[in-house]
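There are 2 protein chains.
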Amino acid sequence: MVDIATRVWNHKWKIDPIVRSLIDTDFYKLLMCQSVFRNHPDTQVTFSLINRSTDVPLARLIDAGELREQLDHVRSLSLSRGESTWMRGNTFYGKRQMFTPEFMDWFEALRLPPYHLEQKGEQYELTFEGSWPEVMLWEIPALAILMEMRGRAVLDDMGRFELQVLYARAMTKLWEKVKRLRGLDGLRIADFGTRRRHSFLWQDWCVQAMQEGLGTAFSGTSNCLIAKDRDLEAIGTNAHEMPMVYAALAKDDAALARAPYDVLSDWHEEHDGNLRIILPDTYGTQGFLDRAPDWLARWTGIRIDSGDPAKGAEIAINWWRARGEDPTEKLIIFSDGLDVAKIEELHRQFAGRVRVSFGWGTLLTNDFRGLTEGDALAPFSLVCKAVAADGRPTVKLSDNPEKAMGPPDQIRRYKDVFDVGQQERLEVVV
Amino acid sequence: MVDIATRVWNHKWKIDPIVRSLIDTDFYKLLMCQSVFRNHPDTQVTFSLINRSTDVPLARLIDAGELREQLDHVRSLSLSRGESTWMRGNTFYGKRQMFTPEFMDWFEALRLPPYHLEQKGEQYELTFEGSWPEVMLWEIPALAILMEMRGRAVLDDMGRFELQVLYARAMTKLWEKVKRLRGLDGLRIADFGTRRRHSFLWQDWCVQAMQEGLGTAFSGTSNCLIAKDRDLEAIGTNAHEMPMVYAALAKDDAALARAPYDVLSDWHEEHDGNLRIILPDTYGTQGFLDRAPDWLARWTGIRIDSGDPAKGAEIAINWWRARGEDPTEKLIIFSDGLDVAKIEELHRQFAGRVRVSFGWGTLLTNDFRGLTEGDALAPFSLVCKAVAADGRPTVKLSDNPEKAMGPPDQIRRYKDVFDVGQQERLEVVV
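Protein chains in written order, with our numbering: chain E, 1 to 430; chain B, 1001 to 1430.
For reference, chain E alone in the conformation it holds in the complex (with noise of 0.2 angstroms):
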């Protein structure tokens, strides 16, 4: 029977929105939202989307009007009442009332803050401009917005069989790698895939399988909206513009020296247990975790990024083993570029001797490769990061230096202020 009010109600639609709910974002946006609000309410960022594969011509694949009525959705939008409920009302990490009833009452009167989208030959330039808590909530919608756009250009092309055969195929891929996964004694792994999923139907689909398929050992999703609905665990820390703003904001090179250790006593001031992860890699792991202060050693774990993980997750044990702490308390969080085959090697190399976990992104929700001609649905690597903070230019390094950003001669200084040395360079896959 066709339930005429679903039809006529799916047909007035006059887009098919994207992103349909504020908390359709990570955890971890949320929480540093948070912390923020808290610490910096009034620095003034700019967030600039970045389109790593140059040969995947956004502005040709996408029209700009379409663009603009996706992103003024997302404006149009405000939490609902039962997304705060569950903001307020629920347990995260173990914890009542993370989200401090003034955050609430802030984060339930917003709306996104306006955009600024231009063509620039065949990319767009996208930026959004203004207070840090509420421009830093635009980076997973729009790079969500983005990424199924252009997924959208690809499938409007496709006939009904087509397209059904294609989310087949795209389901036995997807569960080949969950029954890979079984194999792996005591796994840990979530799902990081929101920002680059091929759409949220299909990340929702992708978590049911993991659910489906790995039980326990699947321990939430970073989607806060999927964790709500499907009374998962919301899963994330926090992430690399915590210290790229920070250290935008130095004043001088000392201070600038101490940036990311400011933020992780911030951090450490709001959080405890398994929040309280190290993101080591902004500006180089070896010489961050050398330098850090003692009751860093004592935090629960650490995120790796960047790098060839498995010497990144040598180097933290080796720094755990030199402070004092035992590994095998310790967690680490994998987390860059990851598909099954990595996350077999590292479960193998590293279970055991550290507590391991898995955060899997863009290749769990996004593995359309090799399922269309000319592999138009390949993911490939768009980000969205905060380039500004009170018109001062932000610098990332990371582990590998083709993820650096920031211009030239900042990024020779922190360099310089970081004591980072040669860099092995990996090629970035997503």
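Simulated from the structure, these hints should not be mistaken for lab results.
Please read all numbers here as calculations on a predicted model, not as lab measurements.
There's no promise every hint is true.
With a straight-line Cα cutoff of 16 angstroms, these simulated EDC-like cross-link-like pairs (lysine to aspartate or glutamate) come out [what the hints assert, rightly or not]: (1) Lys-1173(B) <-> Glu-162(E); (2) Lys-179(E) <-> Glu-1373(B); (3) Lys-1179(B) <-> Glu-162(E).
Position chain B against the provided structure of chain E, taking the given hints into account.
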């Protein structure tokens, strides 16, 4: 939105009926039924289910009570008004009123006769006895029920995602086949896969895939219900049961030798054009054609349903030439155990030399080979045949001794009467 009424309705069913309509059957059954209704309404026949794949233990896989429920459900069916309207009002093979008012009146009142079910070791003995026009209509639903119940026994142990991925893989597999067939210029192909389909819904999906993928190269389906619902041509002519029963009724060897031609003589009076298709292999193709009267050479075509199909087609072409007919105006329908590679090969070999058409059966609608552990969903060789007529056993020789049926002494007698010598033994896949 959940359609509550639909959901409640679905949960009200005591069983999930496999066959839900009297026209969920092959079109040729209805054509033959009308012919039998006219020429042999009182002949008493026995049809019997034969599982040629003795390694598939049907009685172990399928609960006898549930099997009875499915068979009983078929006995509760009668022609609906819409089905009757379609049969009375539709054009079949370009002809209006293919089914006479007398036949339709009888068919509208029909309920299928009783069945006899017994367990013999790991197999079921399922037989149907009664008047020919009634009993013959059991063949297709009985086969479809057994085949689908065996499938359900396997599917019962699978989780929700395993199921979704199973169908995803089956869809992918079929679509790859359809895409390969697109490469064949001037292809004509129909669905002949009702009897050994995976399920009704799956057959319906396969038909839609053929429609979407092949366009006009897809000439229709043998399944009347799908033809009606999808506005497709219903395809089919006649089958071995006609000469088998006519032969069994023959009073002496001379009448036996004449029997296969008597069938076609009756058919000649009833049908013309594309329905005048010879099925020559019941008692050996070569001998049948050698002894055929000249009016048969003027028929539209020949269906090749056993033996080496290329050899059968060459025999047909030579026979037409010998009888002064132009083979390029004749139609050859291949319908035995086809899959894409064989279709490609036969198309390459015969397109242009004759008009070629394909009736694609089990490996269209039930190619689940390789999709489950232990290949538990692979189709198998199940048939339901007339085994006796007015108390006398039937015999089939065909062009492959693996497909021969009947009591050994009668097989010897038939081989003698029809002068069938050594035959090539070919493996029967489905």
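Quick rundown of the hints versus the structure:
| no. | hint | in the structure |
| --- | --- | --- |
| 1 | Lys-1173(B) <-> Glu-162(E) | holds (12 angstroms) |
| 2 | Lys-179(E) <-> Glu-1373(B) | holds (13 angstroms) |
| 3 | Lys-1179(B) <-> Glu-162(E) | holds (10 angstroms) |
The structure agrees with every numbered hint stated previously.
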